[in-house]
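As a plain string of letters, each chain reads:
2 protein chains.
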Amino acid sequence: MSEDAYVIGLDYGTDSVRSVLVNAMTGEELTNVVFEYPRWKAGKYCDPAVNRFRQHPLDYMEGLEYTVRESIRQAGTGIAEKIRAIAVDTTGSTPVAVDSAGIPLALNKGFEENPNAMFVLWKDHTAVQEAGEINQHARSWGGIDYTQYEGGIYSSEWFWAKILHVLREDKDIRQAAYSWVEHCDWIPALLTGVRDVHDIKRGRCAAGHKAMWHESWGGLPSEEFLVKLDPLLAGLRDRLFSETYTSDVSAGQLSPEWASRLGLKPEVAVSVGAFDAHMGAVGGGSKPFYLTKIVGTSTCDVVTAPMDKFGNKFIQGICGQVDGSVVPGMLGMEAGQSAFGDIYAWFKQVLMYPVERIVGSSDLLSSDIKTRLIDETAGRLIPELTRAAEQVPIDESGIVAVDWMNGRRTPDANQMLKGAVTGLNLGSDAPKIFRALVEATAFGARKIMDRFIDEGVPIEGVIALGGIPKKSPFVMQVLADVLNRPILVTRSEQACALGAAMFAAAAAKLYPDVDAAQAAMSSGFEHEYHPDPGNAKKYQRLYEKYSRLGEFIEKETSS
Amino acid sequence: MSEDAYVIGLDYGTDSVRSVLVNAMTGEELTNVVFEYPRWKAGKYCDPAVNRFRQHPLDYMEGLEYTVRESIRQAGTGIAEKIRAIAVDTTGSTPVAVDSAGIPLALNKGFEENPNAMFVLWKDHTAVQEAGEINQHARSWGGIDYTQYEGGIYSSEWFWAKILHVLREDKDIRQAAYSWVEHCDWIPALLTGVRDVHDIKRGRCAAGHKAMWHESWGGLPSEEFLVKLDPLLAGLRDRLFSETYTSDVSAGQLSPEWASRLGLKPEVAVSVGAFDAHMGAVGGGSKPFYLTKIVGTSTCDVVTAPMDKFGNKFIQGICGQVDGSVVPGMLGMEAGQSAFGDIYAWFKQVLMYPVERIVGSSDLLSSDIKTRLIDETAGRLIPELTRAAEQVPIDESGIVAVDWMNGRRTPDANQMLKGAVTGLNLGSDAPKIFRALVEATAFGARKIMDRFIDEGVPIEGVIALGGIPKKSPFVMQVLADVLNRPILVTRSEQACALGAAMFAAAAAKLYPDVDAAQAAMSSGFEHEYHPDPGNAKKYQRLYEKYSRLGEFIEKETSS
Numbered sequence: 000m001s002e003d004a005y006v007i008g009l010d011y012g013t014d015s016v017r018s019v020l021v022n023a024m025t026g027e028e029l030t031n032v033v034f035e036y037p038r039w040k041a042g043k044y045c046d047p048a049v050n051r052f053r054q055h056p057l058d059y060m061e062g063l064e065y066t067v068r069e070s071i072r073q074a075g076t077g078i079a080e081k082i083r084a085i086a087v088d089t090t091g092s093t094p095v096a097v098d099s100a101g102i103p104l105a106l107n108k109g110f111e112e113n114p115n116a117m118f119v120l121w122k123d124h125t126a127v128q129e130a131g132e133i134n135q136h137a138r139s140w141g142g143i144d145y146t147q148y149e150g151g152i153y154s155s156e157w158f159w160a161k162i163l164h165v166l167r168e169d170k171d172i173r174q175a176a177y178s179w180v181e182h183c184d185w186i187p188a189l190l191t192g193v194r195d196v197h198d199i200k201r202g203r204c205a206a207g208h209k210a211m212w213h214e215s216w217g218g219l220p221s222e223e224f225l226v227k228l229d230p231l232l233a234g235l236r237d238r239l240f241s242e243t244y245t246s247d248v249s250a251g252q253l254s255p256e257w258a259s260r261l262g263l264k265p266e267v268a269v270s271v272g273a274f275d276a277h278m279g280a281v282g283g284g285s286k287p288f289y290l291t292k293i294v295g296t297s298t299c300d301v302v303t304a305p306m307d308k309f310g311n312k313f314i315q316g317i318c319g320q321v322d323g324s325v326v327p328g329m330l331g332m333e334a335g336q337s338a339f340g341d342i343y344a345w346f347k348q349v350l351m352y353p354v355e356r357i358v359g360s361s362d363l364l365s366s367d368i369k370t371r372l373i374d375e376t377a378g379r380l381i382p383e384l385t386r387a388a389e390q391v392p393i394d395e396s397g398i399v400a401v402d403w404m405n406g407r408r409t410p411d412a413n414q415m416l417k418g419a420v421t422g423l424n425l426g427s428d429a430p431k432i433f434r435a436l437v438e439a440t441a442f443g444a445r446k447i448m449d450r451f452i453d454e455g456v457p458i459e460g461v462i463a464l465g466g467i468p469k470k471s472p473f474v475m476q477v478l479a480d481v482l483n484r485p486i487l488v489t490r491s492e493q494a495c496a497l498g499a500a501m502f503a504a505a506a507a508k509l510y511p512d513v514d515a516a517q518a519a520m521s522s523g524f525e526h527e528y529h530p531d532p533g534n535a536k537k538y539q540r541l542y543e544k545y546s547r548l549g550e551f552i553e554k555e556t557s558s
Numbered sequence: 000m001s002e003d004a005y006v007i008g009l010d011y012g013t014d015s016v017r018s019v020l021v022n023a024m025t026g027e028e029l030t031n032v033v034f035e036y037p038r039w040k041a042g043k044y045c046d047p048a049v050n051r052f053r054q055h056p057l058d059y060m061e062g063l064e065y066t067v068r069e070s071i072r073q074a075g076t077g078i079a080e081k082i083r084a085i086a087v088d089t090t091g092s093t094p095v096a097v098d099s100a101g102i103p104l105a106l107n108k109g110f111e112e113n114p115n116a117m118f119v120l121w122k123d124h125t126a127v128q129e130a131g132e133i134n135q136h137a138r139s140w141g142g143i144d145y146t147q148y149e150g151g152i153y154s155s156e157w158f159w160a161k162i163l164h165v166l167r168e169d170k171d172i173r174q175a176a177y178s179w180v181e182h183c184d185w186i187p188a189l190l191t192g193v194r195d196v197h198d199i200k201r202g203r204c205a206a207g208h209k210a211m212w213h214e215s216w217g218g219l220p221s222e223e224f225l226v227k228l229d230p231l232l233a234g235l236r237d238r239l240f241s242e243t244y245t246s247d248v249s250a251g252q253l254s255p256e257w258a259s260r261l262g263l264k265p266e267v268a269v270s271v272g273a274f275d276a277h278m279g280a281v282g283g284g285s286k287p288f289y290l291t292k293i294v295g296t297s298t299c300d301v302v303t304a305p306m307d308k309f310g311n312k313f314i315q316g317i318c319g320q321v322d323g324s325v326v327p328g329m330l331g332m333e334a335g336q337s338a339f340g341d342i343y344a345w346f347k348q349v350l351m352y353p354v355e356r357i358v359g360s361s362d363l364l365s366s367d368i369k370t371r372l373i374d375e376t377a378g379r380l381i382p383e384l385t386r387a388a389e390q391v392p393i394d395e396s397g398i399v400a401v402d403w404m405n406g407r408r409t410p411d412a413n414q415m416l417k418g419a420v421t422g423l424n425l426g427s428d429a430p431k432i433f434r435a436l437v438e439a440t441a442f443g444a445r446k447i448m449d450r451f452i453d454e455g456v457p458i459e460g461v462i463a464l465g466g467i468p469k470k471s472p473f474v475m476q477v478l479a480d481v482l483n484r485p486i487l488v489t490r491s492e493q494a495c496a497l498g499a500a501m502f503a504a505a506a507a508k509l510y511p512d513v514d515a516a517q518a519a520m521s522s523g524f525e526h527e528y529h530p531d532p533g534n535a536k537k538y539q540r541l542y543e544k545y546s547r548l549g550e551f552i553e554k555e556t557s558s
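Quick note, the sequences are listed as chains A and B, same order. So in numbering that gives the first Met the number 0 the end of the first sequence lands on 558, straight run, no missing numbers. So in numbering that gives the first Met the number 0 the end of the second sequence lands on 558, straight run, no missing numbers.
By construction, these hints were calculated from the structure, which means they are not laboratory data. Predicted model, so just to flag it, every value in this text is computed and none were measured. Mixed in with the good hints, there may be bad ones.
To be verified - Listed below are the simulated SDA-like cross-link pairs for lysine to any residue, each with C-alpha atoms no more than 25 Å apart in a straight line:
1. A:K369 x B:S365
2. B:K469 x B:Y289
3. B:K554 x A:K369
Okay, chain A solo, but in the shape it has when bound (with noise of 0.2 Å):
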């Protein structure tokens, strides 16, 4: 790679999308430009109340062109003809109904206002009773456990729920789905022109991890299986696909129309999409047999390791294992927590009843007063919160608390269970609390650590990144001296877009794999934190106590 070349990173997340314009040989982020979704923002198609989460296609392709023009105009003249490649990550499971041309019903008239034919974001739980029949059709249909390879639970999150769920509710729908696609296969195929859904090159990360696909049963689960879940699945077997692509494969390249819309030449190509989490575990310097966390309200752990050696073993208790999902070559393997820093946004919230309830309606204060003073408090809580249990030593408040407050996502998924503060006295105050909180995610993490090695792989390094291991200090600490191992933080701020970036330089071939992308790319790490040998035994102790009381919960959930 002797001249210029310059990549693109797209990184659809829930609320925004993100393009980062890379150079290809340095990794270096030239720009960086994000777009709120519009209709989303404006609360529409959704309903909390039901947990009903939909997006409409016209807010991701108003921002796709909106960054990327954005991103080049920024990046200033000169860069837009070196652009090789765009990559695209996005959240996921995030499917849509689409036509046969591959086009998203709510872009078709009639059905512009019709939430099931949008997209059905990630945290839509409106399948449930679905996930439920899923998972009981597939321990007792007789045939293959088809969700054996994604943790052996299916959620209500996922590809097949959300499709039974819309077919079953939406008689339109019903009548006017030919197939559907997932978010991150939809971009690519919108910008390389697909005109035909049976063209849409199906990314590996989305169909093994969310769709039940696997090679070993050939593909997607048996139409046997699926008439028998439901006979409205009946046909769309062979009206998804069969085939899967890993991200370093390009997808095509860029339609006229698209060139033109983004302002790139035709020959940028294509890469196949993957979700966020995976894309940012290269983006964010993973290696195999490393466990890279991406830490935020919730946490997403992935760890790779050779096909050839562990290609044919299961791993009891994670999310999901995927041959390519994260790297070709490499089996992908994810777990993780259902919440992280959503419990200290929880301990937070309920602290925060006072200062909403009564000094927010005090007669002492005019109502501008009012609002400036609870948003002041809700911003240093966590904060002043941090501070104050830094100073508390380990072991010495008593306090053991279990990090299920939103159900348990690893090791061995059960959303039943629930959350504990256990070893409470008189002189428990806010601080000590929350830094039993902070541990209780540390040892949750611990879980899915241990789960791994007891499983057979070894894990020789950990990586951290996404928000709480850029802002927090303090946890990061205790994670360190929990987990007993250094933990490396990745230096880049965007890390999902990053690695993006990677793949589409590998698709682009500007490098033979995405790890020799990721070799020259890499933003490496901005620190490291080291365990404490002392804290570590200590954390031993009340690790056990964690467990205990784990167990304990296990067997009331149960009982």
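Add chain B to chain A, keeping to what the hints say.
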């Protein structure tokens, strides 16, 4: 009783003493005068950091004189000469070192400012080590376990532990202390002009519940036991007492000096003293086989049963059982929860964190407004939580708490135990948690009631008095539903002082016995809470969860 007769009930609490002047025929409370201890209020002689709490005898004497004289003044002319008796209840165990004349050392020259020469208040915990030694010694010395009728676990709050602690710590006291007297025994001795400590009539209540006095082993623990515990105790047993008296007995008549100081006739009888909760139970309307609950920051639960049926029965796991400690001829059984209202106060304190720390330091407010805002929030918080918690359906939140934030007093005392809150999810808000804490305190009460029943003491009714029964219909309804029993709430605001007045009337022979005095003078009940059968059924299931969680915590604590 054909003529007008009045009696005075004196109730020495933690912060103040109260005199109630009562019509001995009707129980009508004519006056009610409170005196706050001035030295105590100024924080003198105490060190909360080491749980040292001492009270100066002058605080008690000044309060005695002020409240009685003021009562008489307020009652108007003609009443003083009709006053026939005084009875005293106090906190306890609250002993003081005295000289051979029965005078507290702090009233003697050279000891005026020595905290060890003052009353060691019930909540003083400086004798933790001594209590531990007593417990170990009682199990291992080879003779009788003298703790058996006091619940089997001797407390640092009690008589012998405190004496031993002070004797070890203070050489001056060691040399000057001839004997020791409980607060409830000293006030009658003072009033009746006792000049020799051996003439003090010791109350059965304090002796039996706190000094390991029991008829079956001839009074106090043997000299051998005491000397083996610590040679410092040698000879003390003979300088203490062997006889004890119930509070229907007159300790004597007012001394001329005190008759004059109080403005009363010298013929006024003075009852033998007792502890507040025991006289409070009588004042509150206790009956045999009724569970009388004095509910405030903690609870004191009293049951009486005929000695002829229950005198020889050992009741496992309660705080103590003493012949005549409540009513003569009845076995007085005591139990209690280490924290009740204190748990609500703890949660309030946790929630106040952002208000005190952040609102309290905000630049948006003047310091005057901050103070008022914090006060307003603290004042409105529990009522606001109560209102919101009442709206939460039983069993909807899934939260189950255990109420051992201050250890567990009964059943089966264990101060190492701690509290817990389980079943938490991201929707568990402050009112839901508060509701679970209220339910937990009710479950703790249920455990005590169940224990009495399991030990063969039938509970035929429940009576509640104290701050919480008067203030919180919500808590009382939860309690009635959890106990699945109607609960009578005592009408009198001053049940302890009223109970003392009943004993005064009995000691003055205005009635043949305390039962007759209680029947005539009781203020009755102001309300009866009835259990809702549907709620009781739901709570039965939650109570089982509470029990299993408690078992887990006990197991964890002992491991």
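Each hint tested on the structure:
{"no.": "1", "hint": "A:K369 x B:S365", "in the structure": "holds, 14 Å"}
{"no.": "2", "hint": "B:K469 x B:Y289", "in the structure": "holds, 19 Å"}
{"no.": "3", "hint": "B:K554 x A:K369", "in the structure": "violated, 47 Å"}
Going down the numbered hints, you'll see the structure goes against just number 3.
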